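Undergrad: Protein chains in written order, with numbering that gives the first Met the number 0: chain Y, 0 to 392; chain L, 0 to 169.
Keep in mind that the hints were calculated from the coordinates and are not lab data. Source: prediction; values computed, not measured. We put the beta carbon where it would ideally sit given N, CA and C, even for glycine. Hints are supplied without guarantee of correctness; some may be wrong.
What the hints assert, rightly or not - A short, non-exhaustive set of chain L residues, derived as facing chain Y with CB atoms under 7 Å:
1) 1
2) 31
3) 37
4) 41
5) 67
6) 70
7) 72
8) 95
9) 98
10) 112
11) 125
12) 127
Stated by the list, open to error - Away from chain Y, derived, C-beta distances all over 10 Å, residues of chain L:
13) 30
14) 52
15) 62
16) 75
17) 78
18) 113
19) 132
20) 137
21) 147
22) 148
23) 151
24) 167
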Amino acid sequence: MGMRRVAIVGAGMTKFVRRALETGPELAWEAASRALASCDLRLSDIDGVVLGTAPDAFDAVHMKGEYLSDGAGAWRKPYIRTYVGGGTGVFSVIQGWYHVASGVFDTCLVVCEEKMSSHIPHPQGAFITIFDHILERPLGPNLLWIFAMEMNAYMNRYGLRKEDIAYVAVKNKRNAADHPAAMLGVRDITIKDVLDSPVLAWPVQRMDVSPIADGAVAVVLAADHVARRVTDKPVWIEGVGWNVDTTYWTNRDLSYPTYLEEAARMAYRMAGIKEPRKEIHVVEPYDPFDYKELHHLEGLLLADRGKAPEDAATGRFDRDNENHPDWLPSSPSGGLLGVGNPIAAAGLMKVAEIFWQLRGEAGDRQIPGNPKRGLAQAWGDLMQIGTVVILGV
Amino acid sequence: MTMEQWVYPSVYVKEDDFREGRVLYTTWQPRLFYAWDRGTAIGRFLAELKQGRIVGRRCRRCRRVVVPPRMFCEHCFRPNDEWVPLADTGTVITFSRCYITWDMRRLEHPQIPAVIAIDGASPGVGFLHHLGEVDPEAVHIGMKVKAVWKPADQREGAITDILYFKPMTE
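Extracted from the complex, chain Y is given alone in its bound form (with noise of 0.2 Å):
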């Protein structure tokens, strides 16, 4: 297609937790300055920087991306701030990679900060301004129906037990526990947990909801020559897709996500993937609630549409289950759901976990089998975009 290679070659991230100490800048600094101690860039290396944060309304700061430029490495570089919803943390990677890729750039530092503890009692109170100012808000609405709604139209359509569906919960807190910065890791936690914990909107319980953080992760992408020079494991950007849906979203069928089919087709396309069950051998869907990875593993045509619960019953998502006929490592970094929810920070953690599993640096976390592709893919707005990015090495 006439452009460059890109990878990943360095990553860095904080520590997720309720409420941080640090101020979103001093966060998107310390993700930001690992980053690039962990590939031994400077940021004089740096020819340009993209910003992932959600709205706004989260902390009451104007232009927060002018906020967080200078903790963001972006002193007098050409920079910009993305957002598309939840799905921010990985689409700021395509962002980036298309820096890159045209030959814009030979490097570009990639950095998501969210800082949701700011806003009292709840973040949620920001989040009510998703829904249509006319037609919707005048009813009452909280986040949490949508995702609600969502749900129960995905087990309907399939007949589909919570059980299965709260698997996802057990074994993304369960690997949780083996990431350094995870805020929900639990070793010991069973379905009966999460099937007892008190009902939000059903079919939501607590525990299948990821918590709310604060919380930044940085990738540093660098063209092919850079790249090859800067470090001896380049993580190369093989593919990239996004689509997004009707905000009319009162008017589609909430059990399939269409536009993530479509985000993943592309991405398959452009990394020259035919048969994605057998050629990604690691993934990172987007799981800020135990149904939505299922849900994601379907639109990645990674699993059968309606059958993604029983297949991880069976343990084919499960990290070490390499016995399995057809295992799919899922969320081996523990997910939304363990490592925690900062929305774009979330999405860039899912790019960084697959960086350190192609490089085998994920420690604890390491799969088996020298995993050579994988993919990590976010989701957002309202319910209603995809974004995919193919990794390999």
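Here the structure of chain Y is known, so what remains is to put chain L in place on it, guided by the hints.
TA: Same frame as chain Y, but now just chain L:
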């Protein structure tokens, strides 16, 4: 070498430290006021609600009838063509029973938000509203429902001119 060395140990401020002022913070409470124009399509939709009627828009090219109405067809990307009177009945295509408010306070009686596909619109096309006069546990996808309107003299041209949808007697 593992990734652990590239993780910064953020300082976790516990709820009590924050509430009891053991860390410093500054607060601000915005007071913001907006007046939103309702536009051509939603303006008409709301005016019809005030009369106790639900209307949609039809595109003659793809033949979709949509509600909430818009003056263009986003599929055909052309102006759509005509107003269509719809019924004030429909089918629950998904719902929830919500036991919390936005600030995570517990509700004793759940709210029952639902997407209702409106009779006369294309299949699966409708809008968000509440269900009422129903046992929360009896609500199911596929349930037929009918709008319960505010008294005519209290309607103001708002989505809340419909109080809620209730099950149709079978």
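Undergrad: Okay, which hints does this one fail, numbers in order?
TA: 2, 6, 7 and 18
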